[in-house]
Each structure stands twice: as structure tokens, then as C-alpha cells.
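Protein chains in written order, with my numbering: chain D, 1 to 367; chain A, 1001 to 1367.
A few of these clues could be false.
No more than 20 Å apart at the CA atoms, straight line, and that leaves these computed lysine to aspartate or glutamate pairs for DMTMM-like [what the hints assert, rightly or not]:
hint, chain 1, residue 1, chain 2, residue 2
1, A, Lys1202, D, Glu148
2, D, Lys202, A, Glu1170
3, A, Lys1083, A, Glu1175
4, A, Lys1202, D, Asp63
5, D, Lys61, D, Glu152
6, A, Lys1344, A, Asp1366
7, D, Lys83, D, Glu148
8, D, Lys202, A, Glu1175
9, D, Lys202, A, Glu1240
10, D, Lys83, D, Glu40
11, D, Lys202, D, Glu170
12, A, Lys1061, A, Glu1084
13, D, Lys344, D, Glu308
14, A, Lys1202, D, Glu240
15, D, Lys83, D, Asp150
16, D, Lys202, D, Glu175
17, D, Lys61, D, Glu34
18, A, Lys1061, A, Glu1040
19, A, Lys1083, A, Glu1040
20, A, Lys1344, A, Glu1318
21, D, Lys344, A, Glu1308
22, A, Lys1344, D, Glu308
23, D, Lys83, D, Asp63
24, A, Lys1083, A, Asp1150
No lab work stands behind these hints, which were simulated from the structure alone.
Here the structure is a predicted model, which is why all the values come from computation and not from measurement.
Protein chains: 2
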Amino acid sequence: MTQATPTALGPVLVIGTGLIGTSIALALVRAGAEVLLRDEDPAQLATAVGMSAGVQHASQKPDIVVVAVPPRSASYVMATASKEFPDATITDVTSVKSGILRQAVFSGADSSRLVGGHPMAGREVSGAAGARADLFDDRLWILTPTLETDTEHVQRAQLLVSTCGALSVEMAASEHDVAVALVSHAPQVVSSALAAQLLPAKELHISVAGQGLRDMTRIASSDSDLWLDILSENAGPVSEVLSGVVFELQEVLHALQELAAGDRDHQEAIDATLRAGALGRQRIPGKHGNPDSPFREVAVMVADQPGELARLFIAAGEAGINLEDVRIEHVLGRPSGRVELAVKPDAAEPLATALHERGFDVRGVDG
Amino acid sequence: MTQATPTALGPVLVIGTGLIGTSIALALVRAGAEVLLRDEDPAQLATAVGMSAGVQHASQKPDIVVVAVPPRSASYVMATASKEFPDATITDVTSVKSGILRQAVFSGADSSRLVGGHPMAGREVSGAAGARADLFDDRLWILTPTLETDTEHVQRAQLLVSTCGALSVEMAASEHDVAVALVSHAPQVVSSALAAQLLPAKELHISVAGQGLRDMTRIASSDSDLWLDILSENAGPVSEVLSGVVFELQEVLHALQELAAGDRDHQEAIDATLRAGALGRQRIPGKHGNPDSPFREVAVMVADQPGELARLFIAAGEAGINLEDVRIEHVLGRPSGRVELAVKPDAAEPLATALHERGFDVRGVDG
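Produce the entire structure from the sequences given, and follow the hints as far as they go.
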């Protein structure tokens, strides 16, 4: 956790005191930084000031300006801030970067002081009132300098990020947009398209859904308005990834249709997609970014009562074993659940033994 | 948990002592049933007998025959068993039902004694050695009688299922195949097709992957050979669902391509898919099959050390709050993780308060 120690960061002006802007302000105040606030909505601004997220900006000169306004106005606000504060580093928080930075420069922002920013801080409520000083702790925060950005300004943006408790990763704006299209935006569309198939389905059919479908459709319940904006802004890279997905699905679909019609010569296309998927999945880094640490899973059946999970984790803790992940699989109509505990490979057998000795209903060790 | 009490189930012959067959046998033995075993592979049979899963079948007359052979031979084995034991209920365990039952009847099985079965017991290793008596405890086990199946034989199959500790759900074979195409088979293909996009991707791009992509691609690492068989066998229903997914994706893809080319008139198609997905997702029943119990989530940041999760769950247990679900979100490069605890709506605030009072780093209450 970041402590409230003095910081080398100069005055920071946060323009836009919604959830993200106010959270950044609170994180900076927590770290002892001087924070100035501006918002065209006096109520949002008053809320942020009332939360001690900083003081209303008057005539102070900021070292860095964080533009945390909605995507539609971000580039314009970056450009005007760049002119108003000719020495300040200018950064933003929008989740798609190329278009906004290009537009900001086009509108007159000084590209040598421009550093795009994307704090990856998960979904939350909106508005200053929902802001939290620790929203960015241990989160990735991607920085996208332009080709002309001076090192000094990149370093200042990095200091901003670390002061907020986050971890900065630097890449070009276009790289960023391709990366998030791949790992976040296209998966969102795929999840929605799959979940949309449930809308006309019979209740009986949906009733046998297991964990697989739940996992595949979880993000389909995200805020549609927000996602419409994000997808529209990153249309090019997202459509590239989706084209690939549609191509794979059409190959499989064609093969399945031929199979359904009695022609068994088409299994190869299905096999190819299944194998490519298994290999692709292996490329996702494990916990803490380490691709070389696959875990093993110990399955345990626990009763659905207060304290049961606690008892399980106490037992694991007593055995000195660190749990890397926990998955609870729900079971229809029964007062119990299957819990899978992921641990480092050499901890799996000791964990299973320790839990068994303590009377737990251990169901096996996988992987 | 099913106890080892006497059962009204008569002698059961399990043909095929692989993982599923032997697990069924072990579950039946646990419940006090008489179990007969047969396998054309003497080694598998010896392993199962050695595990006390039953005795080698000689000339005993079974009341029920469970055909647990690979899908390719299931219908033939069901037909021959039907002829060999003219009074026995005949059931199987294959994960696609229409084709196999039709083929079994075509091969001479008596449809009045045929009850298709599909124990939904999750992935495991294969072979008798990996069998477990409790593999089916608290699991769904779908039964698909034919139109001609006598009630007596359906009831016997239901008794088999409950004796194994599972929960039986009855539907027509064609319903079953459409249901599993929707909730399991099509999602598998979609997951694979999405994960396949990671194969040629840059490591830098994959490195920013979050929980969304992980959830969406988890099942892509399933056994490709097994899935090729399942998909091929259920080609018709799966291609129906996939057609719907491809249609949705193409609508979005087309809209995104128009947007990327500068035409903003196309947001409606994207919006429609996002909204349909959010509504579709809502139709998945909650824990224990109750669609009316959405949960709220309490987010907590915990250190990555043995015992930390235990401390958290002890605190929840002490507050008398039952955790419905747990999600651990991993954070790149930091020795901590964000844990989301799902609880009943009215337990969310008390849990947040209780955890906060015990010094936990509570990050908010969602939902």
C-alpha cells in the first residue's frame, strides 16, 4: 500500500471530478501531493472538494494536468489545457487512445507534453461520490506517449501513476488500442453475442447451464452505454479481432453443417480451431504475470453454511500453503458446493493431505 | 452426502469400466447396491474390481444395465445388452443423446426399456484408476426416456441416479441435445475461436489481459479430442446456436467496419447486441437454480500470504454471513489480490462493515 509520505510530484490539476478523476485526486492527496480540481458541473466539484480530494483550481500553475472528462470531450479539453498551461504535462484516462491523442494534437495540444493514460481499474459506479483513494492500487495503468513526447513528461506521468499506487506499462497508443481490442473489447462483443442466444431460449434448456456458460457470459452484463462508446472509439482494432473470431466460427459452422448433413470429411476444421484455442489460451500469463507457473487444483466439497469456507482456508493456512486461486462451482438444488483451490504444483499433494486429515471431503487433485 | 444404506435398486451391470463407469459402480457400492462389471479390456476390468467397484459379471441377471463405453460403440452395446437381458432397464452416459438412442433402437434395442442418461460430472482424468465414488454427488444427471419407454424403467433409472448421489432432470433426447448445444457445446467453440486469436498475438498485447479474457477462454483448454467427438455428434444443434452467434458478431463487425470508415450511423446494431447480451445473461439461474437471488459483491484487497484468505473467511463466518461466491482477481506484479465476495443482497453492507471493523481493506460494495 502506498503510504502518505511526501512526493516529488508537483501540483496536479484534475479536470473532471467524476469517479476516475476524483479517485485519482484522492490517491494523490493520500500520498501528500497538492491537488487542484476543476469541473464544469459545480455539484460534482463541490462533492470532490467536500471529500478532501483537493482544492478548487483558481490560478495555480500545475506541473501535470489529468484530463478525466468523458471520451467525447477529452481531446478538446486536453488541447485547451495544453494552451492554458504551456509547461504542464498533459495526460488523460480514456480507455481508447489513438484517436483521442491524434484529435488532441489536431486541436492544438503540444505533442511534446502529451502522455496518454489508461488506468485499468475495473468497473465501478460513476460520479465523485463513488470515488476511492485506493481504486488504482496494484492495478495496471498504461501510458502512451506520442512520438514527440519529451522524456521529462513521460517520467512525470510515471510518477503520477506510481503515486496513485498503480503499476505503469508503456506502449504506443496504437499498440494499446490493439492490445485492449484483443484482451477486452472483442471478448466483450463475443460474450454479448453468445449471451444474446439465451434471450429466445427455453427456460428448461438454460436450466442446465454450468460454470462454463456463466464464465463466458459474465461480462455480457456490463454497462451497454459505456461499451457502445468504447467499441465505437476503437472500431478498427476491434473489428480486426472480431474478423478473426468470425472466420474461425464460420469454419467450424460450415464443418458442423456438413457433418449434420452426413459428410464426416469435415472434422479437420473443427479440430484445428479447438487446438488453436487450447494453444492460444496457454499464452495468457498466469498470476502475477508469470507464464511459467501453472497451478494444480485441489477439489473439495463443502457445505453451504456460514463459516465453512473459513474452516477450509484456516486449514490451508495452518498447513502453510498459499492459495493462488479459488473457484466455487455451484450445484443446483443442493446445500453444498465444490471448491477448487489452485496452488503451486508441489503444494497440491500436501494440501490435499492436510485437508483430508482435518476431515475435509477432498475430491481429488488435478493438473 | 449419500450414506451407505441399503437400496431398493436391484443388481446393476456396468459395461465399460473407464472413469465414468467405474465411478458409477463405486457410487452404487457405497450405497450398498450389488454391482456387476464388464469390460472388453481385462486390465481396466481388473483395476475396477481391485478398487472394489463390484464383481466381474458372470451369469447374473441385472435389473439395470449402464452402458459406459465410448460414444462410438454406445448404441451397439446398448442394443446387444437389450437383447442379452430382456427385462433390464438399459441406460448410457454419453453426452449427446438423440443419435445414439436412435441408432440403438435401429440396432435392435427395445425402446420400451431405453432411458438415455447424461451425468454432468465435469472434466476429469480418464480410466478406472481415476474413478471416484463421489464424482456425481450433487451433480445434475439428465435422463432422456424415449417416447416408448415404460414408466417402470424411467423410475429405475431415476433410482440409479439418486443412488449415485446425483439429481435427475428428465427431458426428451432432442431437448437435451439442444440444451447442451446452447449451454455447453456452442460456448466451447466460441471460447476456442476467441482463444485462437491469441495464438498469433504479440506478447505485449496479451500481457495486459485481465479476468474477462481469462474467464472467456478458460474452457478453451479442454481436451480437443473429446470435444471433436462431442461436437461432431451434436453437429445439428450446435450449428444452430453458432449460426446465431455468427449472425450477431457479423452485425457488430459490419457496424464497426462502417464506424472505422467514418460512418457513425451504425451504432444501433452494436447497441442491440450489447443489450440482448445483457438481457440474455440475466436468464441464467443463480446459485442453486434460483433465478431471483442476484447477489451483491463486497471487494477486499488481501495480501498474497498463507492464511490471508483464511483470516478473511473467518471474519465473514464470525459475522454469521454465508459467502455465495468468491472471485480472486489477480494483479500483475504485486503481492496482493482483489477478492470479491458475493453475498445475499441484505448481507452486503453488514459484511463490508464487519470486515472493515476487523481491519480489512474493503474496497466497496457493488450491485
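Consistency of the hints with the structure:
A C-alpha spacing of about 24 Å is found between A:Lys1202 and D:Glu148, which places the hinted pair above 20 Å, so the restraint is violated. Using a Cα cut-off of 20 Å, the hinted pair D:Lys202 and A:Glu1170 holds, with the two alpha carbons roughly 15 Å apart. Simply put, A:Lys1083 and A:Glu1175 have alpha-carbon atoms about 27 Å apart, too far for the 20 Å limit, and the pair is violated. For the hint linking A:Lys1202 to D:Asp63, the alpha-carbon distance of about 35 Å lies beyond 20 Å, and the restraint is violated.
For a cut-off of 20 Å, the pair hint linking D:Lys61 to D:Glu152 stands: about 17 Å separates their Cα positions. Only pairs whose Cα atoms come within 20 Å are accepted, and A:Lys1344 paired with A:Asp1366 is accepted, the gap being roughly 12 Å. A distance of roughly 17 Å separates the Cα atoms of D:Lys83 and D:Glu148; the hinted pair therefore holds under the 20 Å criterion. As the CA atoms of D:Lys202 and A:Glu1175 are separated by approximately 10 Å, the hinted pair is consistent with the 20 Å bound.
With a CA separation close to 14 Å, the supplied pair D:Lys202 and A:Glu1240 stays within the 20 Å bound. With a C-alpha separation of about 18 Å, the suggested pair D:Lys83 and D:Glu40 falls inside the 20 Å cut-off, and the hint holds. Restraint check for D:Lys202 and D:Glu170: the C-alpha separation of about 47 Å exceeds 20 Å, so the hint is violated. With a C-alpha separation of about 9 Å, the suggested pairing of A:Lys1061 with A:Glu1084 holds against the 20 Å cut-off.
With a C-alpha separation of about 23 Å, the suggested pair D:Lys344 and D:Glu308 falls outside the 20 Å cut-off, and the hint is violated. About 14 Å separates the Cα atoms of A:Lys1202 and D:Glu240, which keeps this hinted pair within 20 Å; it holds. With a C-alpha separation of about 17 Å, the suggested pairing of D:Lys83 with D:Asp150 holds against the 20 Å cut-off. Restraint check for D:Lys202 and D:Glu175: not satisfied, since their Cα atoms lie roughly 42 Å apart, outside the 20 Å limit.
With a C-alpha separation of about 11 Å, the suggested pair D:Lys61 and D:Glu34 falls inside the 20 Å cut-off, and the hint holds. With a C-alpha separation of about 19 Å, the suggested pair A:Lys1061 and A:Glu1040 falls inside the 20 Å cut-off, and the hint holds. Proximity of A:Lys1083 to A:Glu1040 is assessed by CA-CA distance (about 18 Å); at most 20 Å being required, the pair is judged to hold. Of the pairs offered as hints, the one joining A:Lys1344 and A:Glu1318 holds, with about 16 Å between alpha carbons and a cut-off of 20 Å not exceeded.
The straight-line distance between the Cα atoms of D:Lys344 and A:Glu1308 is roughly 16 Å, inside the 20 Å bound, and the hint therefore holds. Restraint check for A:Lys1344 and D:Glu308: the C-alpha separation of about 16 Å stays at or below 20 Å, so the hint holds. A C-alpha spacing of about 14 Å is found between D:Lys83 and D:Asp63, which places the hinted pair at or below 20 Å, so the restraint holds. For a cut-off of 20 Å, the pair hint linking A:Lys1083 to A:Asp1150 stands: about 17 Å separates their Cα positions.
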